[in-house]
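Participant: Keeping their order, the protein sequence lines are chains A, B, C and D. Number 283 in my numbering belongs to position 283 of the first sequence; there are no gaps in the numbering. To convert a position in the second sequence, counted from 1, into my numbering, add 398. To convert a position in the third sequence, counted from 1, into my numbering, add 796. To convert a position in the fourth sequence, counted from 1, into my numbering, add 1194.
Because the hints were derived from the structure by calculation, they are not lab data. Cβ atoms here follow ideal geometry from the backbone N, Cα and C, with glycine treated the same way. There's no promise every hint is true.
To be verified - No farther apart than 27 angstroms at their CA atoms in a straight line, the calculated lysine-lysine pairs in the BS3-like style are these:
| no. | chain 1 | residue 1 | chain 2 | residue 2 |
| --- | --- | --- | --- | --- |
| 1 | B | Lys783 | D | Lys1240 |
| 2 | A | Lys385 | C | Lys1181 |
| 3 | B | Lys553 | B | Lys505 |
Said to hold, decoys possible - Derived contacts from chain B toward chain A, CB cut-off under 7 angstroms, selection only:
| no. | residue |
| --- | --- |
| 4 | Pro535 |
| 5 | Gly717 |
| 6 | Asp754 |
What the hints assert, rightly or not - Among chain B residues calculated to face chain C with C-beta under 7 angstroms, some are:
| no. | residue |
| --- | --- |
| 7 | Ala684 |
| 8 | Leu693 |
| 9 | Ala782 |
Protein chains: 4
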Amino acid sequence: MDFTLSPELLALRERTRRFIDEMVIPHERQMPDIEDVAAWDGLRAKLQAAAREAGVFLPQLGAEWGGLGLNWVGNAVVFEEAGRSALGIQALNCAAPDEGNMHLIEKIGTSAQHDQYLRPLAAGAVRSCFAMTEPPPGAGTDPSLLATSAERHGKRWVINGKKHFISGASGAAFCIVMAKTDTVRGRHGATMFLVDADNPGFRVTRRPQIYDRSFIGGHCEVSFEDCEVGEDAILGAANEGFDYAQVRLRPARLTHCMRWLGAARRATEHAMAHALARQSFNSRLADHQGVQWLLADCEIDMHSSRLLIWHAAWLLDQGATASHETAVAKVAVSEAVNRVADRCIQVCGAQGMSEDLPLANLYRETRAFRIYDGPSEVHRMTIAKRLIRRADGTERGH
Amino acid sequence: MDFTLSPELLALRERTRRFIDEMVIPHERQMPDIEDVAAWDGLRAKLQAAAREAGVFLPQLGAEWGGLGLNWVGNAVVFEEAGRSALGIQALNCAAPDEGNMHLIEKIGTSAQHDQYLRPLAAGAVRSCFAMTEPPPGAGTDPSLLATSAERHGKRWVINGKKHFISGASGAAFCIVMAKTDTVRGRHGATMFLVDADNPGFRVTRRPQIYDRSFIGGHCEVSFEDCEVGEDAILGAANEGFDYAQVRLRPARLTHCMRWLGAARRATEHAMAHALARQSFNSRLADHQGVQWLLADCEIDMHSSRLLIWHAAWLLDQGATASHETAVAKVAVSEAVNRVADRCIQVCGAQGMSEDLPLANLYRETRAFRIYDGPSEVHRMTIAKRLIRRADGTERGH
Amino acid sequence: MDFTLSPELLALRERTRRFIDEMVIPHERQMPDIEDVAAWDGLRAKLQAAAREAGVFLPQLGAEWGGLGLNWVGNAVVFEEAGRSALGIQALNCAAPDEGNMHLIEKIGTSAQHDQYLRPLAAGAVRSCFAMTEPPPGAGTDPSLLATSAERHGKRWVINGKKHFISGASGAAFCIVMAKTDTVRGRHGATMFLVDADNPGFRVTRRPQIYDRSFIGGHCEVSFEDCEVGEDAILGAANEGFDYAQVRLRPARLTHCMRWLGAARRATEHAMAHALARQSFNSRLADHQGVQWLLADCEIDMHSSRLLIWHAAWLLDQGATASHETAVAKVAVSEAVNRVADRCIQVCGAQGMSEDLPLANLYRETRAFRIYDGPSEVHRMTIAKRLIRRADGTERGH
Amino acid sequence: MDFTLSPELLALRERTRRFIDEMVIPHERQMPDIEDVAAWDGLRAKLQAAAREAGVFLPQLGAEWGGLGLNWVGNAVVFEEAGRSALGIQALNCAAPDEGNMHLIEKIGTSAQHDQYLRPLAAGAVRSCFAMTEPPPGAGTDPSLLATSAERHGKRWVINGKKHFISGASGAAFCIVMAKTDTVRGRHGATMFLVDADNPGFRVTRRPQIYDRSFIGGHCEVSFEDCEVGEDAILGAANEGFDYAQVRLRPARLTHCMRWLGAARRATEHAMAHALARQSFNSRLADHQGVQWLLADCEIDMHSSRLLIWHAAWLLDQGATASHETAVAKVAVSEAVNRVADRCIQVCGAQGMSEDLPLANLYRETRAFRIYDGPSEVHRMTIAKRLIRRADGTERGH
């Protein structure tokens, strides 16, 4: 067993930390209005240029894409640093949903798709989205209810359906959409398609107000109306969409954890600063035993989270699917970082609720994280079912 | 012992419920922008007219002020109903901070102050604010750090200082401000002043962004710079400000509880509707055991909260100060309603995070409620200290 | 609404408090070995004599049974006082399972059954038990699995089956047993029988070790083997056993709450004494903020519990079934008192774990209380199902 | 980073698992009475012989002591396996307090002390105890209150004082006692002495009843009355006792975690077996969503605990003091395993409370673990103080 990080990785971590502190955090006070996608994209481009300059851009992809070529453990370390600022992960081009889409396209896309979609995405020239979740009675946490369909018409496919809570859809250059293609085969009959945003059959129909700031392009409703694409729009093999979804979701839920852990750390930095500065009842807040407990619980939550992430990341690096471990990490980390945000707000008092500090925003976003990419309840169910299958002999363990 | 509500109160409760459902909730979808104070005040006026019409306006004050003359138990019942909508408590003119200010002025104001300040406030013609909390190193949760001062200059007083998180300050017609007036007497040397918003020495200096919608007029920073007032601006007796603050705060923290309980109930209505409508894994969400637990826990939290509120309200009706019981209720109810909001969001999934439902807003606001009017930590400390004094003999109990 | 207790009840409360302090608690240090039923019954008799003397014996039954004739609210107040000592509820003859059995027999028994069973039970001359729970695959939390059967043979009934966790069975003079009598009618085909302990067909087969001390007679396994009884052994009407079980269980789960609340209060008395006496890090434990939070949370839990109990008791006094409110109280209070016990142990440190203080025992017993009389999980399910039926229109509310 | 365990360690883990299942667990149903120290020691000897036979004895010490020479990570893996049974850690001779005492004596003892004390202890021929905690007003969680003193009289030292909660004292062959030796030097003036149990000045004065079964020899009160020892009784250097205590306590609190984690795993094995076997409401318990959540939470708690332990163990293997990480692990793991025990009881219902399953015992013991070796509250305080010192610049981090 060895928890050592390589000297190169330690250096990159340090470089990223400095980049975030010096080049990114100063921009937080002038964040564009959440609806002003163009301003956001402008800021993003500026920060990405700085990240390239600083040698911290695109940690997760290889040199052929302009990246740093880190493995999952490396990503864990660097994404955490970048996650200290909601702008940081934009700067490094490792934010959701693009990061997960890059990973997926690299893994299962054709070389033409690499050129057309991955390259500009990796370069930060465009953004993308991933359209799976549907309004009732379609696929929510239960993917078997998938209602969006793609029908083959000769060499073309025609997609029809509605999706909602599609993060980053507004302003995205393209969309990966999951649609039913083989109703006979049940769960295994879905296919992923790459759809350009300027396809006349694709439309962002609505952007519901959601008070988080980390997803440029919001969480939108989109529609596919007789949306026609060719064979070359199929991502991976036809009818294998559900399996590919797992390919995307397993690491994606873990990279979420990595970024949020950084955000949680940032929250504790503010809480600690406040606890050291604010006096009450004849001492610093930091000297009150109860406040110390809050700070200690943050540390315990973050340290546990980090180890859960590192372990699952290491498994992915070994080629394991790590379904179980990434699910455990997702539940534990999402709830831990939400608790951390909650405690840090409490330490900061009314100031913690104001947008002067990033805490209130973090509280909202980490709350959402307990739902996005599978609510805790569903992950708990699948974790337990796996344990049950192992115990009653229907599955052989670990 | 008797938990019976009078037929009149039951009828008023029913009337209020119908008023909220039919006249108030339909307006929720067109809420003005949070910064647009004028639009808010317009909507408020319209809703208040409707409430007068419906016979539910101003439940907490007597007929001489145009109110319904309820006691605290009556308020508990009606405020809960009104609290089902953030607009409802505006409609009935029983929202914070006005409701607490009315109570205070009625109790300790002169008859001239009644005419000048209470009458228009009760009528809904103006709004007000209460300025106690100060930025560091001033008075936060520890009131002994009060830094704002009022110096006597002949027959005039000159107030200087800064306050922050002053709810409703933007657009308020007047402000009750707490200032140090007698440094010799320590804690007992503060005085409350009524300051008109158009006093040249008073200014709303900043409105920090806080994502809650229930306080028209935001949570502002205000400043007093050589703010001159006369003797008649003193509310109550000079140097008794801290005692008066308790007169205001004890029932005020309880009426907060009443309103939030209504909001929590509203949240469960949405969660239940979603749980009945949404299918997943071959049944309604409502049929999943885990979801049932979440719903049951909401019920337990709300039922306990209601009893804590009713009991403390009854004590106030008996003339008790109920410092202990209102503090217990404040801690318990604020945390309970925050848990309720959290669970309801989880039941509703991603929809719970969107502003299409009032849940996300409620989640933010109930979070703040664990801080406003004294954070849970400070109330826990004072509750325990009272128990300790009783136990070690320094104070005789109950 | 009125939370006033009558002067008579206040006087009885005070009398009970003094009786527990002076006559009962001194006996706690010489508690008999848990298995020595005879010694326990001896101590019980002695304490009951003292209780009669002090005018606090049998609060829950009428004067015709030698009792004080309190209503449920009265019981709530007095049982809490008695519950401060595990011996106290024995002294007053208001402990489980006898108290619930008295209530049931009084309500549905014939006058002959009153004479033969209720009178000696009320007098404390004998003890009883209630046999419902069965080992797998019989009736556990799901009563529909009832496996014990009673077959009619002419004018006699023959009972066969096994029960486990039958509290107080060892040394009980008689047993109320629930048996299936009409398999056609499904759930409604169970009957309650009164079976004398000396019936040759009845046997206490095993007393598993369970480390709680509050149930004289343990939690036993009992068997009915061709256990023959006459028609006069039927308690209430045949085939109505499940309905009667609710008659017993609804108030019984509430009286549990009353007694445990007293026990929780006692725990906080020890915790407070320790917090006042023990020094660490330059002050009394009681002066540490964190310890104060623990004490405050105990107070909040107990105060909420008391109100939940009082409200449900009042409903029972009004003739309501209060299924919902007693279930809510049972879940909330059982978990609250377990938390209180947990915190008090923590305040007392290692001493809290030793049998020198009653805390460790209370911790074990309150843990069990989250399971006995229906585990929290099942109550949560039934609470939610009632809410769901109200919401989807299958049932009209409250 | 690498989470791989060596093939040798994996083989030893497997061997230990089988040893526990086949040779140890069958003995659990005939555990001696808790007070019968001789019977316990007999059983222990028998199990240790079997462990030697199986090649799993004394994992933590080197071959020169008859052990397997594992490092801390190795111990983590094997102690967890052994911890699945309270008898297992006795069998392997890696139970507290002996395991910590062996480590301490090996580290700081003279070669004569190695021969006289460590050798028989390592061989399992004798047991030992560690006497630090004192009754009020002595040293509890605050070691600076140390009251037991040792005075030098020529070449002899005379120890006087009382200790309590001394685990394993009854039947121990010797005791390591901490006594004040230099009042001038304050905190740094304590010394550790090795005292033979047959020293006439040493006495086990009382064995308070504590319902846990894992510590042979109970948690006793002991006294030192003019207890005379020579210079050679000093363990390590004089006046360095507090530093040595840390040498012992840091790994000792981690080995506690390792063993308890195994116990928690065992609890989940019982809960899973029950959930698979028991039917209620038309399905296995394991098929209820709520029960699945309980099982999933156990998995999450145990997986996090294991990683916290492994990480801190690895740090110790690198020669780090790991004060911070062992404290974090102690708090987190002790609370996690207590939660696991609690949930497993709930899954098993009333059966979970009976001594037929090891759950009730585990629940009591894991509860105690939140207090022993420093209560969570004190660890939280020290964790936070370290963070505070890092943040305000009084200490340089990690």
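Participant: Hint validation: B:Ala782 versus chain C, beta carbon distance must be below 7 angstroms. Holds or violated?
Facilitator: With a closest approach of 4 angstroms, the B:Ala782 hint holds.
Participant: Straight-line Cα separation of B:Lys553 and B:Lys505 no greater than 27 angstroms?
Facilitator: The given pair, whose Cα atoms are some 25 angstroms apart, holds under the 27 angstroms limit.
Participant: Given the hint that A:Lys385 pairs with C:Lys1181, test it: the Cα-Cα distance must not exceed 27 angstroms.
Facilitator: holds, 25 angstroms
Participant: Hint check: is the beta carbon of B:Asp754 less than 7 angstroms from a beta carbon of chain A?
Facilitator: B:Asp754 check passes; min Cβ-Cβ to chain A is 6 angstroms, inside 7 angstroms.
Participant: Is the hint on B:Pro535 kept, meaning its closest Cβ partner in chain A is under 7 angstroms away?
Facilitator: holds, 6 angstroms
Participant: Per the CB criterion, is B:Ala684 less than 7 angstroms away from chain C?
Facilitator: holds, 5 angstroms
Participant: Holds or violated: B:Lys783 and D:Lys1240, Cα atoms, limit 27 angstroms.
Facilitator: Cα-Cα ~55 angstroms, so violated.
Participant: For the restraint on B:Gly717, tell me whether the closest CB of chain A is nearer than 7 angstroms.
Facilitator: Violated. Min distance 31 angstroms.
Participant: With chain C as the partner, please determine if B:Leu693 meets the hint condition of a C-beta pair closer than 7 angstroms.
Facilitator: holds, 4 angstroms
Figure legend: structure checked against the earlier numbered hints; hints not met, in rising order: 1 and 5.
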